[in-house]
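Q: Knowing the structure of chain A, use the given hints to seat chain B on it.
Number of protein chains: 2
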Amino acid sequence: MREKILVTGEQMKSTFLSILHHHNFQGERAETCAHIFTQNSLDGVYTHGVNRFPRFIRQIRKGNVQTDNEPELVDSSGATERWNGRLGSGTNNALDSTHRAMELASSHGIGCVGLANTNHWMRGGYYGWEAAKSGFIFMGWANTIGNMPAWGAKNSRLGNNPLVMAVPYDSEAVVLDMAMSQFSYGTLEANQISGEKLPMIGGFDEDGNMTKDPEAIIKSERSMPIGYWKGAGLALLLDIFAAVISGGDAVFQITKRKEDYGMSQVFIAIDISRFSHFTSIGNIVKDVIKDLHDSIPISEADKIFYPGERVLQRRKENRENGIPVEGKVWEEILKLNITRQDEESGV
Amino acid sequence: MREKILVTGEQMKSTFLSILHHHNFQGERAETCAHIFTQNSLDGVYTHGVNRFPRFIRQIRKGNVQTDNEPELVDSSGATERWNGRLGSGTNNALDSTHRAMELASSHGIGCVGLANTNHWMRGGYYGWEAAKSGFIFMGWANTIGNMPAWGAKNSRLGNNPLVMAVPYDSEAVVLDMAMSQFSYGTLEANQISGEKLPMIGGFDEDGNMTKDPEAIIKSERSMPIGYWKGAGLALLLDIFAAVISGGDAVFQITKRKEDYGMSQVFIAIDISRFSHFTSIGNIVKDVIKDLHDSIPISEADKIFYPGERVLQRRKENRENGIPVEGKVWEEILKLNITRQDEESGV
Chain A
0 MREKILVTGE QMKSTFLSIL HHHNFQGERA ETCAHIFTQN SLDGVYTHGV
50 NRFPRFIRQI RKGNVQTDNE PELVDSSGAT ERWNGRLGSG TNNALDSTHR
100 AMELASSHGI GCVGLANTNH WMRGGYYGWE AAKSGFIFMG WANTIGNMPA
150 WGAKNSRLGN NPLVMAVPYD SEAVVLDMAM SQFSYGTLEA NQISGEKLPM
200 IGGFDEDGNM TKDPEAIIKS ERSMPIGYWK GAGLALLLDI FAAVISGGDA
250 VFQITKRKED YGMSQVFIAI DISRFSHFTS IGNIVKDVIK DLHDSIPISE
300 ADKIFYPGER VLQRRKENRE NGIPVEGKVW EEILKLNITR QDEESGV
Chain B
0 MREKILVTGE QMKSTFLSIL HHHNFQGERA ETCAHIFTQN SLDGVYTHGV
50 NRFPRFIRQI RKGNVQTDNE PELVDSSGAT ERWNGRLGSG TNNALDSTHR
100 AMELASSHGI GCVGLANTNH WMRGGYYGWE AAKSGFIFMG WANTIGNMPA
150 WGAKNSRLGN NPLVMAVPYD SEAVVLDMAM SQFSYGTLEA NQISGEKLPM
200 IGGFDEDGNM TKDPEAIIKS ERSMPIGYWK GAGLALLLDI FAAVISGGDA
250 VFQITKRKED YGMSQVFIAI DISRFSHFTS IGNIVKDVIK DLHDSIPISE
300 ADKIFYPGER VLQRRKENRE NGIPVEGKVW EEILKLNITR QDEESGV
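Chain order of the listed sequences is A and B.
Oh and the first sequence: position 21 is 20 in numbering that gives the first Met the number 0, straight run, nothing missing.
Oh and the second sequence: position 334 is 333 in numbering that gives the first Met the number 0, straight run, nothing missing.
Simulated from the structure, these hints should not be mistaken for lab results.
The reader is advised that the hints may include incorrect statements.
[Unchecked claim] Lysine-lysine pairs mimicking DSS-like chemistry, simulated, CA-CA at most 30 Å apart:
no.	chain 1	residue 1	chain 2	residue 2
1	B	12	B	61
2	A	302	B	3
3	A	255	B	257
4	A	327	A	211
5	B	196	A	211
6	A	255	A	211
7	B	289	B	3
8	A	153	B	12
This is chain A alone, in the form it adopts within the complex (with noise of 0.2 Å):
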């Protein structure tokens, strides 16, 4: 097992925040990225927050995330417009077109935002959060580089393309985010280190048998679609609108560059407060919820949980006791608080 410490919200912002600075990431939108960040390691999903860091800082250097750009718009048409992220920072190019298609989603009842040339998310549950907490329903998704094959296919053209659902629920909300593959590439290698065998069929090893082996999907890379063909479709669906709507490039043109940034994202927010039947809204999900935690578990200790509602669990416990961080992960991002200049004098 890895050795763990704890590190504070505040700690995290504030270091993450000297590192951008160092990197020559300015101002608010700077804080807005290390805030994202540091969010995603409080939420609990440290593979999009704090262990993805390092590689979010090593995109900057290699010019990949070119801190200084902002999205520009390209085309509008009533409550549809299209961005181009400009290679900047992908959390916030999907945050700003998050607001976006809210903006146009209380002018028109719902607003879509295509966002082409952008740059990795990190963790889209973060902006199903953002617009639900503000009271609207929202929809998006992203491709990436290819990672899953076809059905029936050898090699891995599809991408896992995240899919988040969000809604308001309570003064919170229910946040679905889910990638095509059934596992992450993380789960792979948690599961690798630990010699544990993947608890269903999680890809195919290089002969093309289905495998509950993690190495083995690991060294075909092709991860296996939720529910065989029909996730495999989905992520050729969403990979096919978000390419249309934002005019930008495919998983195919991604996968091309062998390396995972310039990719294509949707952002679509209906404002509910806009419908006449608004006020019994909250009641419709807390109904739906209710009856969702009424089912029987299978096993009698167990509880059901809506999507997020574990989310809530991990932010309070990770607010109260702090981040839990590996600690040669928090290390490597210490070292990285220095400027480039530094690092390159050898400083």
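A: Frame of chain A, contents of chain B only:
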């Protein structure tokens, strides 16, 4: 093996229409209804075409489907509208709502229709083909009666809520039409009859064990969500969205009635001809499909298909050769071709 006969599309449609007329379903709306049931059969989706027609007539006889009723606008807010389906014919209500979403998209770029209090739309893909063939991106979904357990639950409180995504492609369309359960009850029944196990886990037996035995799943009424916990989450969110956007019933309310009527649906269309990059969109889709087709198949003899590709093949075959129908299904249908008065007086 059950005996099949071949029925031409024209024969089938005129038979359906005559039966609808005998059930006081008249005029253009009856014509449309007969057309949709026939087209679904031509396209090879027999479970939601010819095989389901007798059940549709039973629903009319019971009064669950009220064929005189047309949908009524309840709430209008820019590009978003809510309609009351008034328990009318589900196929007609869904087609009207698809057209209305397309009209709203023509005016606003994107359009969203929530349809409450409607009936089974049969095959959701029909509406995807309709919108995409007219040049729109389409996304729609429906809720159903409870037939899948939440993840970790014993009882089935989730619907297998089908989702449709469609986009124009060449002179045709790419159309994904998928329920949130790994296998339809139609497939389970077919495997039960043939005595074959399912190729993948398809649900739970009555003790809560995952199983490939179709009979055990039919008995437990606990089919497996695609991607296990992921499909369960997606089904829940599609249901909440449908109930909130339409103001209609959620799965738990339909389930209480113990019959599959009065459901909620969502129809979203985007008018891609309004985009400034419209002329390049055709090539975006073609390039993605070309890349998919270039996948290396696991078995050399196999071909990789996009969603909807095999529908086109089957449509062509069935137009040329006639639609294969199980003899006893067609017999049952022919028996419906009498007036209710005739039937009630024992003629």
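Q: Hint by hint, say whether it matches the structure.
A: Quick rundown of the hints versus the structure:
1. Taking the CA atoms of residue 12 of chain B and residue 61 of chain B, the gap is about 23 Å. The hint holds against a cut of 30 Å.
2. A threshold of 30 Å between alpha carbons decides the hint, and for residue 302 of chain A with residue 3 of chain B the separation of about 48 Å lies outside it, so the pair is violated.
3. Taken as a hint, the residue 255 of chain A and residue 257 of chain B pair is broken in the structure, with Cα atoms around 52 Å apart against an allowance of 30 Å.
4. This hinted pair checks out: residue 327 of chain A and residue 211 of chain A have alpha carbons roughly 28 Å apart, not beyond 30 Å.
5. With a C-alpha separation of about 21 Å, the suggested pair residue 196 of chain B and residue 211 of chain A falls inside the 30 Å cut-off, and the hint holds.
6. For a cut-off of 30 Å, the pair hint linking residue 255 of chain A to residue 211 of chain A stands: about 29 Å separates their Cα positions.
7. This hinted pair does not check out: residue 289 of chain B and residue 3 of chain B have alpha carbons roughly 36 Å apart, beyond 30 Å.
8. Of the pairs offered as hints, the one joining residue 153 of chain A and residue 12 of chain B is violated, with about 42 Å between alpha carbons and a cut-off of 30 Å exceeded.
Checked against the numbered hints given earlier, this structure breaks hints 2, 3, 7, 8; the rest are met.
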